[in-house]
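Peer 1: One-letter residues, chain by chain:
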Amino acid sequence: MVILGTALLAVCYLVGLMVGEGLAAAIGVKANVGGVGIAMLLLIAALHFLQQRGIYAPEMRKGVTFWAAMYIPVVVAVAATQNVIIAVRSGPIALISAVSSVLLCFLVIAVINRVIEKAHIANAAFDVANTGDEP
Amino acid sequence: MSTLDVVHLIDKAIIDAPLVTAFAFVGCVVLVSNFLGKHLTGGRVAGSAIAVLAGLALAWVGGAITGKSKGLSDLAEFSGLALMGGAMMRDFTIVATASEVNVEEAKKAGWLGFIALVLGTVLPFVAGVSIAYAFGVRDPIALTTIGAGAITYIVGPITGAAIGASSEIIALSIATGVVKAIIVMVFTPVFARFMRLNNPQAAMVFGGLAGTVSGVSAGLAATDRRLVPYGSLVATFHTGFGCLLGPSVLYLAVKALFS
Chain R
4 MVILGTALLA VCYLVGLMVG EGLAAAIGVK ANVGGVGIAM LLLIAALHFL QQRGIYAPEM
64 RKGVTFWAAM YIPVVVAVAA TQNVIIAVRS GPIALISAVS SVLLCFLVIA VINRVIEKAH
124 IANAAFDVAN TGDEP
Chain B
2 MSTLDVVHLI DKAIIDAPLV TAFAFVGCVV LVSNFLGKHL TGGRVAGSAI AVLAGLALAW
62 VGGAITGKSK GLSDLAEFSG LALMGGAMMR DFTIVATASE VNVEEAKKAG WLGFIALVLG
122 TVLPFVAGVS IAYAFGVRDP IALTTIGAGA ITYIVGPITG AAIGASSEII ALSIATGVVK
182 AIIVMVFTPV FARFMRLNNP QAAMVFGGLA GTVSGVSAGL AATDRRLVPY GSLVATFHTG
242 FGCLLGPSVL YLAVKALFS
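Protein chains in written order, with this note's numbering: chain R, 4 to 138; chain B, 2 to 260.
Quick caveat, the hints were computed from the structure, so don't treat them as lab data.
Hints are not guaranteed to be accurate.
[Claimed, not checked] With a straight-line Cα cutoff of 25 Å, these simulated SDA-like cross-link-like pairs (lysine to any residue) come out:
1) LYS108/B to ILE6/R
2) LYS108/B to VAL18/R
3) LYS109/B to VAL114/R
4) LYS109/B to ALA122/R
[Said to hold, decoys possible] Using C-beta positions, here's what the derived DEER-type ranges look like:
5) GLY28/B to VAL5/R: 15 to 23 Å
6) ILE58/R to LYS39/B: 39 to 47 Å
7) HIS51/R to VAL7/B: 52 to 60 Å
8) GLY57/R to ILE66/B: 36 to 44 Å
9) ALA48/R to GLU78/B: 15 to 23 Å
10) ALA10/R to LEU5/B: 39 to 47 Å
11) TRP112/B to PHE52/R: 36 to 44 Å
12) VAL104/B to PRO61/R: 19 to 27 Å
Every value quoted in this text rests on a predicted model; they were computed, and no experiment measured them.
In this text, a Cβ means the ideal position worked out from N, Cα and C, and glycines have one as well.
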C-alpha cells in the first residue's frame with residue numbers, strides 16, 4: 004500500500020527530528036542538531052532492512068519516491084518565499100561578506116574535489132554529461 | 002453572470018485552497034521553465050535552475066508588493082507557497098531523497114563530509130568577521146553575530162540572541178545569510194564544473210562547505226538531481242553545528258582577538 008511508504012517516511016522524519024532536538028538539549032544548543040540528517044540515515048536503514056527481507060513492495064516504494072520527486076517543486080516554492088527584498092537592500096556588509104564567504108568555500112570545494120579525484124576516493128559514479136540535465 | 006462575478010469566483014476558489022493552488026502554480030512555473038531551458042537556451046541551462054531563479058524573481062515581486070518578508074506567499078492568493086516551501090515540506094522531501102542514496106558511495110566520504118562541515122563553519126565565519134571589521138565594526142558581539150550570519154541565516158540570529166546582540170545587528174546577520182543562500186542557489190550550477198561537482202563524494206564535500214540547506218539543495222537540484230541526497234545529508238548538520246560553535250568557541254575566539 005502506498006500509504007505505508009509515506010508513513011514510514013513520516014515516522015523516520017519525526018524520530019529524526021526528535022533525536023535532533025534531544026541532542027540539541029543535551030549539549031545546550033537552541034537549534035535542531037542534524038535532525039533531518041538523522042532522519043535520512045533512519046530511512047536508508049529502514050529501506051535496507053525491508054529490501055533484505057524482500058518485503059519492500061513496489062506499491063510501498065511509490066509512497067516514498069513520490070515525495071522524493073516532489074523535491075524540486077518544493078525547492079521552487081522555497082525560492083518563491085525567500086526574503087529577496089531584504090537581501091537586495093541590505094547594504095555592502097551583508098553582500099560582501101556573503102559573496103566572499105561563498106567564493107572562499109567554492110574555492111576550497113574545488114581544491115578538495117580535485118584532490119579526492121586524484122586520490123581516487125571519488126569515482127565519477129555517474130556521467131553527468133549524459134543526463135541532458137547539466138547546464 | 003458578469004465578468005466581475007467570475008473573477009470573484011476564481012479568486013474565492015484560489016484563496017480557499019491555498020496548498021492546491023500552490024501545487025498548480027509551481028507546476029506552471031516548472032513547465033514554463035523547462036520549456037525555456039529546452040528551447041531558449043538549447044538545453045544548456047537546466048529547467049530547474051530557471052525555475053529556482055523564477056521563484057526568486059517572484060519572491061522579489063511579492064516582497065515589493067506587500068512589503069513583508071515571505072516573498073510571494075504574503076499575497077493571499079499564493080499563501081499556499083508558505084506551506085509548500087516551508088521547513089516542514091522542505092525537510093520531508095529532503096528525507097525522501099535519502100531513498101536514492103547509494104550507501105557504499107556515502108560511506109566512502111563520511112569523514113570527508115565531517116572535515117567539510119568544520120571548514121564550512123569556520124571559513125564563512127572568518128570571512129564575515131573580516132568584512133565587518135574592514136567596515137569599521139569593532140564590537141566582538143556584533144562581529145560574531147555577522148560572522149555567524151555568513152554561516153547560515155539561522156545560525157546568525159540564534160548566535161546573536163545567545164550573546165545579546167542588538168536587533169539591528171541580528172537583522173544584518175540574517176540578511177547576510179539570506180544573500181549567501183541565494184548566491185549558492187544561483188551560482189552552484191554556474192561553478193559546478195569548476196568545483197568538479199559530478200559525483201556523490203564531491204556533493205558531500207559541497208554540502209558541508211557551502212552549508213545553508215536551502216542553497217545547497219536548490220543549487221544541487223539545478224546542477225544534477227541525483228546529487229541532491231548526498232549534499233543534503235551533510236548540509237543538514239550544518240545549522241546545528243554552527244549553532245553549537247557560534248555562541249561558544251567562535252564567540253570566545255573573537256572576544257580574545259578584538260577586545
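Peer 1: All hints are to be evaluated individually against the structure, with a verdict given for each.
Peer 2: Going through the hints against the structure:
1. LYS108/B to ILE6/R: violated, 30 Å
2. LYS108/B to VAL18/R: holds, 22 Å
3. LYS109/B to VAL114/R: holds, 18 Å
4. LYS109/B to ALA122/R: The hint holds at about 12 Å.
5. GLY28/B to VAL5/R: 15 to 23 Å: Holds: the Cβ-Cβ distance is about 21 Å, inside 15 to 23 Å.
6. ILE58/R to LYS39/B: 39 to 47 Å: holds, 41 Å
7. HIS51/R to VAL7/B: 52 to 60 Å: holds, 54 Å
8. GLY57/R to ILE66/B: 36 to 44 Å: violated, 55 Å
9. ALA48/R to GLU78/B: 15 to 23 Å: Distance hint for ALA48/R, GLU78/B is violated at roughly 42 Å.
10. ALA10/R to LEU5/B: 39 to 47 Å: Because 46 Å falls inside the window, the suggested range holds.
11. TRP112/B to PHE52/R: 36 to 44 Å: violated, 25 Å
12. VAL104/B to PRO61/R: 19 to 27 Å: Taking Cβ atoms as reference, VAL104/B and PRO61/R lie about 21 Å apart, which means the hint holds.
When held up to the earlier numbered hints, the structure conflicts with 1, 8, 9 and 11 and fits the remainder.
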